[in-house]
Structure formats: structure tokens, C-alpha cells
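Model the placement of chain Z on the given structure of chain U, informed by the hints.
2 protein chains.
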Amino acid sequence: MKAYKDMSRDELLTLKAALEEEYKEEAAKGLKLNMARGKPGASQLALAMPMLDVVNSTSDMKTFLGNDTRNYGDLDGIGEARKLMADMMGVEKDNVVVCGNSSLNIMYDTVSRSMNFGVNGSTPWCKLDQVKFLCPVPGYDRHFKITEVFGIEMIPIPMDDHGPDMDLVENYVNNDPAVKGIWCVPKYSNPTGISYSDEVVLRFANLHPAAEDFRIYWDNAYCIHHLYEDQQDEILNILTECEKAGNPDMVYIFASTSKISFPGSGISAIASSLNNIDFVLKQMTVQTIGHDKINQLRHVRFFKDIDGLKAHMKKHGELLRPKFEAVLNTLDQELSGLEIGSWIKPRGGYFISFNAMPGCAKAIVAKCKDLGVVLTGAGATYPYGKDPEDSNIRIAPSFPTPEEMEMASKIFVLCVKLVSIDKLLEQ
Amino acid sequence: MKAYKDMSRDELLTLKAALEEEYKEEAAKGLKLNMARGKPGASQLALAMPMLDVVNSTSDMKTFLGNDTRNYGDLDGIGEARKLMADMMGVEKDNVVVCGNSSLNIMYDTVSRSMNFGVNGSTPWCKLDQVKFLCPVPGYDRHFKITEVFGIEMIPIPMDDHGPDMDLVENYVNNDPAVKGIWCVPKYSNPTGISYSDEVVLRFANLHPAAEDFRIYWDNAYCIHHLYEDQQDEILNILTECEKAGNPDMVYIFASTSKISFPGSGISAIASSLNNIDFVLKQMTVQTIGHDKINQLRHVRFFKDIDGLKAHMKKHGELLRPKFEAVLNTLDQELSGLEIGSWIKPRGGYFISFNAMPGCAKAIVAKCKDLGVVLTGAGATYPYGKDPEDSNIRIAPSFPTPEEMEMASKIFVLCVKLVSIDKLLEQ
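As you go down the protein sequences, you meet chains U and Z in turn. Residue 427 is where the first sequence ends in the numbering used here, and the numbering goes up by one at each step. Residue 427 is where the second sequence ends in the numbering used here, and the numbering goes up by one at each step.
Everything labelled a hint here was simulated from the structure, so no lab data went into it. Just so it is clear, the structure is predicted and the values come from calculations on it, not from any experiment. It is possible that part of the hints are untrue.
It does not matter which identical chain is used: a pair holds within one copy or between any two.
[What the hints assert, rightly or not] With a straight-line Cα cutoff of 30 Å, these simulated DSS-like cross-link-like pairs (lysine-lysine) come out: (1) Lys367 to Lys5; (2) Lys2 to Lys32; (3) Lys310 to Lys32; (4) Lys369 to Lys282; (5) Lys132 to Lys282; (6) Lys145 to Lys127; (7) Lys345 to Lys315; (8) Lys32 to Lys282; (9) Lys62 to Lys32; (10) Lys367 to Lys127; (11) Lys93 to Lys367; (12) Lys367 to Lys16; (13) Lys62 to Lys29; (14) Lys93 to Lys310; (15) Lys369 to Lys24; (16) Lys367 to Lys282; (17) Lys282 to Lys362; (18) Lys282 to Lys127; (19) Lys386 to Lys32; (20) Lys127 to Lys386; (21) Lys304 to Lys62; (22) Lys386 to Lys282; (23) Lys304 to Lys127; (24) Lys62 to Lys369; (25) Lys345 to Lys310; (26) Lys145 to Lys282.
So here's chain U without its partners, still in its complex pose:
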């Protein structure tokens, strides 16, 4: 394939005319496909349906300690759910609090509490002139939205194939006391799909923060969300590494079963040092009497243990793999060599991150929409929704069927080509 940039104006115009014919054909199909959000597909949800039977009117509703899950109590979660989530997060049970249905909500609350009450006794952030968070980019829009609404200044940190640019991270964290946090999706990162290398994790653990209340917000959303049996990313255990490095309190880990059982009806957890957990619980006890323990019991009775979780996620991987491959194959076949976009093949998680030619992302997303294919808004993967290069597009292949993903991918590459040609013709 000849790279578009090496084509003459005439070549480009000829190609454009042909692509516009294709465009008309696609438009006539009147498709309606949504690749905007990381929503599990119907076949994935079906996998968890038997979970709705394991706790029923004849069930023993007591925890192994004898507490009635139907009544108030167990603010930190029932023991067996703490154990399950601990095993999933690679930490000890005592380091875990199991919460409600949303890890995003725990993250929001963690930031919110820091605003109002500080971190383990530090000055409440709302009393400070400036609070800053580092935001690896492209990243997760809902992380950025939390820091945005609290008026926290967001500093983009470029990501490469190994994680965030750690020279930059160290420079900010170790020198600027206004830097209070960094958002991380360390495994099968949202949206780039890469996992942090051991060196990156170790450099995180060995930071020397200028702010005592600096914390790493380690959203391990896709910790067991592999696409392949034989190619699974593993990352170093950040809590252990922080302890070793003399920074035991420096990290909050978040996870949930939203993309394991049911989005919106899963269970979520925070893991951290005992010191941090103690502080979190002291605040949480004012906020609520406790979380939904029957749902915690339901999860434990269904998955039983970490092996049950992994076996279940193997099935998810099998359902997701063809959808990812439909996109990746189309990108490979249609765009390789054209030099109008780049992407990484992820081994897990929920997204494929596509980098278009600078200045093309918004136009591509708009063109796809015209053809009935909804993508995450261009820019969403950057703080304040502003991608300075207008280049990154997040593709979420999970919700449509594999067949739909194939149709959607064809439309996507068609739009990439058309917008890229227009961009080159402008120059």
C-alpha cells in the first residue's frame, strides 16, 4: 500500500471519488451501532444470569461469621466478599473494603473526602489555593470528569507502550506539593490497552512525593479481563512495591465486578494500607450504615473464589475476542501502510485506541455518526475533553455483536480514509 502522504493530489482525488461511492452505499444501509462506551454485550450478561438464583428465599443468609446479611452491619463488607475481592486485587483481605455497585463512586468519594477532610489528617484540599492531578493521556474520561468538577487542575502526561512518561511523573510528583494524585489504569489501560511495565510500577512505588497527601489512584478495572488464554499481561503488585519502597500509604487501588457480573449490579472495592483503610472507614461510617451485603453474598456464592472468577472471565474473553479481532483485522487489512493512523493490539480490557492524523479525530467521529456508528466523542480521552492533537479515538468493541463490529469497523476505516484525504488535500 502506498502511504497517503506520498500520493499526488490527483491520486488522492481519484481515491476520494471511489471512497465516496462506498460512503453512499454505507449510508443507504441505515446502520445503528454503538461503540461509544465499554458496555458488556448481551452474551456476556447472560453468563451471570445464574447468579440471580444462588441467593433465594430458601438460602442461608448468614456470613461465615454468622452475621445476617439482610440486616445492618459489616460496614467494610462481609468477610467472604472481602476475601474474594482481595484475591482479585492481589492483596490481603484486611486491606480491602467492599462497597456498593460502583468503583467510580468510590473514586469520586475518595476525592470528595480529600476535598472536605484532607488525607489522613492533611489540610482539606478545598482550603488550598491549588490542587493538581496528573492525568496520563489518552485516559479515562470519567476519571478526568471527577477531577474537573472539583476544580482540580489536570496535567496531561503522555503514555507510551510501557505506561505514563515516568520522567515527567517523577518531576511533577517529587517537586510540586500541589500535585496530590495521579489517575492510573495500570492493566489493559483505558483506552490504550497497554499494561504498565515492571519498571514503570517500580518507579511509581519509589516516588518521593513533595506532598504528604499525594496518592496514586490505581484503577485496576481490568485486572482479570484478559482476551487470550495464552497471552495475559501481569503487572507488579503496587501495594507490595509501595510497602517495600517505604511508601506504604501512597496508593489506593480500585476494582469492581461491573464487567464480570453485571454493570450497575456488581460489587466494588477499595484496597490500600491498613492506615488508609482505617481513615476511609472512619469517614465512611458517617456516610452510610453499610453497603448491599446480600449482593456481596450473591457474588461469593456464585463465583466461590478467585478460580471461579477466572473461569468466568475466560468465557468473557472468548466472547470479546472476536469483536476485538473484527476491529483489529479491519484496521490491519484496510489501513496498514497508509500512514493515516496507528493503533495497539490489546491483550485485554475493553478498548482499542486509534490515533488518527493530527486534526482528524473529531471529523472522523462525526462522519461515523453520520453513517450510524456512534463512537466516544473525540477528545474525551483527554482532560477537559481537549485532545491538543485532535488525534485520539477510543473504540469500544464490546457491546455490538462480532458481525456488527465488522460492519462498524468497515465504516470506521472508510471514514478515516475520507477524512485523512481531505486533511491532506487541505495542505
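Frame of chain U; chain Z shown alone:
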């Protein structure tokens, strides 16, 4: 019966000696009873067990609008759950957002958001020198704890049989712009058991707050929690009355099914003007992608409608009535005429409020504890846990069995007598 205060020193000492014999007998029994918190009893929880069957692996998981309750979406709750909670709260469906498992959590979040973001565009409270809340006393300790942790100054407002002292309320709210809220449990009040009179509700609705961001925090926790079929309190609809009075945005109403289905596994809701709900949702969308919709569906499928809720609560009333009566009968039989305590007979809710002679509450609670009967800590019903009279004790009869409540009540009146005699002998 002769009032203790009219007894001679010798009479009191003779009585004390007899009571101390009784005390020894009770101590020998080694009882262990908990009347500390408004926890439903096992028989109440059993009523909701069939709810665990109505959503199972063979169920249609779609809402009547066709949304899949198993996936992300419906931030404001599924339509049918909004309708159910709206009917329970006496408002329209569009005025309701159904949230997670805890109305306390909604209240906390509402205060927390006001601290960080203000109320519908007002200055965030964390930027103000002073924020005050009015706290009808005796009241609910967990309300007071929320305002306490946020550093909000709490002003106690005495309660009488009709509600809070409205002269005081009007004086504070209409003149002091630092007064931003008032905590209310308007029906079967926690702990006094009284319901606000129509005049009180109307005076609330017709306040002229000095602060534009003043709100009434109307915790209608016991809205359908009647003890009797033929004697049910009804209160005026505060949202309607506020609208009529030209104060449409002045109230937030909170409720949950914690004491209808399962504490910790119920559903909760906030109701308010469309204006307020819009603001709440704009903030909530940053906090979470949505609440547990499967549990909402479970509630709707089980209760069906407001009539189903009411029928269910009739059964609760039947189970709770003997427990309340065990306490009330014992108080009547053992303390009438002694002038060492007063109480109100509630027609619903979860509590009996007992006012001991000033300076006696802490000692009574401690003495009960020595005999194995745990009560809510004395003072808990006042801001900062400080009852200036050391008089009020909250009795929660729901958790023990009626037989246990009878035993516990006997111990309670015994301790009231002993402590009162000691107090009189001191004088």
C-alpha cells in the same frame, strides 16, 4: 403511686433496698439484649425473603421502556421504581431519583455536594466562614454526625408534640443567612415518635429563608411505617405546600425501603422540585454511572405498587406492635405517677423516646448495660452527643422478640427507679 419526689429520705432508702434485691436477681440472669438501634427483627426480614425469588435466571430483565436493567444506564433509576418510590413519598415520578441502598448516603452526599459545589449555583459552603443547621432535638444521631463532620454548626431546636418549635425555626431561618438547613423526621419522628402537625408543615413551607441555599432536609424515613391499622398519622405534603407557598425548591425529601425490604439491601430515593433534581443529576452523573437497577427491578416485581407496599407494611406493624406495647405497658405499669420519667406512645416508626429526670440518662443507660441491656448511648439524640439535660433515652424495640422486650423493659424501669432514687438522695 406516690411520686418519688414526695417521698421522704427513709422511704427512698427502703425502696432502694428492695430494688437492689431485684437488681441482683436480674444480674444473675445474665441477659444479653440490644435495643440500641432501629434494626428490624428476624421475623420482619423473613417477610421479604420471597423478594429474592422474583428476579431469577429466567426473568425478563427489561424495564417497561425496554432498557436492560443488567447493563449501564438509567442514572435516575428505572421508571417503575421511580413510580413506586414516588407513590410512597407522595410525589410525582419525575420528582424522584432512585439511588442505591441507603437514604443516609443520599443525605450525606447532598450535604457533601453543597460543601463542594453549593446549591443550584450558590457559593460552595466550604468557601463560607460559617454554615449552620437547625437540629430539632431529640433527633437522629446519624443526621447530626453528618453535619458535625462537615464542621457545620448545629443549633438545637426543641421538639414538642407537634414538631419543632416553629417560632425558633422561623427566627433563625428568616434572619440568619448562615442557616442553610434543618434536619427533619416529620412522621413518627426519630426518636420522639410524633408526627408534624399541619400547622408545623405549613409554617415550614412558608418560611422566608435569609439564605437562598437554605433547604429543608425532610427525612421521611417512616412514611408508611404504621403500628396500627386504625390509628395512622398523616402529614401534609411538604413538596406541594412549598410549591403553593412560592418556595418550590426549598425541600429535599428522602426515603428508603431499608425498613420495608432489607436494611442494607433496599432502595432509596430523593424527591424534590424538577429544578433541584436536575442539579442533583448533573452532579450525580460524575459520581456514578448508575445505581443497582436489578435491585430496583426486584423491588418493583415484588411489591408491584403502593398497595403492595402498604399491605407489606401492615405485616411489619403487626410484628412490631407487641414489642412497642411490651415497653409501653411496662412503662405505664411501673412508672406512672412516680414522676421520674415521661414518654409518648408512638403510632408508628421505630422508637420510643424516654425523658428521665435531668442528670439521669447516662447513669440509666450504664446501669442497663451492666444488666446486659444495650441502649442507644445517652446524649446520642443531641448534636455533638451532648444532651444538656442528660435526660433523653432512645428505646429501639424492633430487634428483640416481644418476650425479650418485656424482660428488657423490666430491667429498664428498674434502672430508671434506682438511678432516680440516687439522684433524689443526692439532693
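Now the hints, each set against the structure:
1. Lys367 to Lys5: This pair counts as within: shortest intra-copy Cα distance 21 Å, inter-copy 88 Å.
2. Lys2 to Lys32: neither (32 Å within a copy, 84 Å between copies)
3. Lys310 to Lys32: neither (33 Å within a copy, 44 Å between copies)
4. Lys369 to Lys282: Between copies, since 25 Å is at most 30 Å while 47 Å is not.
5. Lys132 to Lys282: The answer is both: 25 Å in one copy and 23 Å across copies each meet 30 Å.
6. Lys145 to Lys127: both (21 Å within a copy, 22 Å between copies)
7. Lys345 to Lys315: Cα proximity of Lys345 and Lys315: one copy only (20 Å, versus 59 Å across).
8. Lys32 to Lys282: between (48 Å within a copy, 27 Å between copies)
9. Lys62 to Lys32: between (47 Å within a copy, 20 Å between copies)
10. Lys367 to Lys127: Neither: 45 Å inside a copy, 45 Å across copies.
11. Lys93 to Lys367: Classified as neither; 49 Å inside a copy, 38 Å across copies.
12. Lys367 to Lys16: within (14 Å within a copy, 89 Å between copies)
13. Lys62 to Lys29: between (55 Å within a copy, 28 Å between copies)
14. Lys93 to Lys310: Within one copy only: 18 Å inside, 41 Å across.
15. Lys369 to Lys24: within (14 Å within a copy, 81 Å between copies)
16. Lys367 to Lys282: Between copies only: 29 Å across chains, 50 Å inside a chain, cut-off 30 Å.
17. Lys282 to Lys362: between (45 Å within a copy, 25 Å between copies)
18. Lys282 to Lys127: both (21 Å within a copy, 24 Å between copies)
19. Lys386 to Lys32: within (27 Å within a copy, 62 Å between copies)
20. Lys127 to Lys386: both (28 Å within a copy, 29 Å between copies)
21. Lys304 to Lys62: Both ways: Lys304 and Lys62 sit 15 Å apart in one copy and 27 Å across, limit 30 Å.
22. Lys386 to Lys282: between (37 Å within a copy, 20 Å between copies)
23. Lys304 to Lys127: Answer is neither: 45 Å inside a copy and 48 Å across each miss the 30 Å cutoff.
24. Lys62 to Lys369: between (51 Å within a copy, 27 Å between copies)
25. Lys345 to Lys310: Cα proximity of Lys345 and Lys310: one copy only (22 Å, versus 56 Å across).
26. Lys145 to Lys282: both (26 Å within a copy, 12 Å between copies)
In the structure shown, a violation is registered for the earlier hints numbered 2, 3, 10, 11 and 23, in ascending order.
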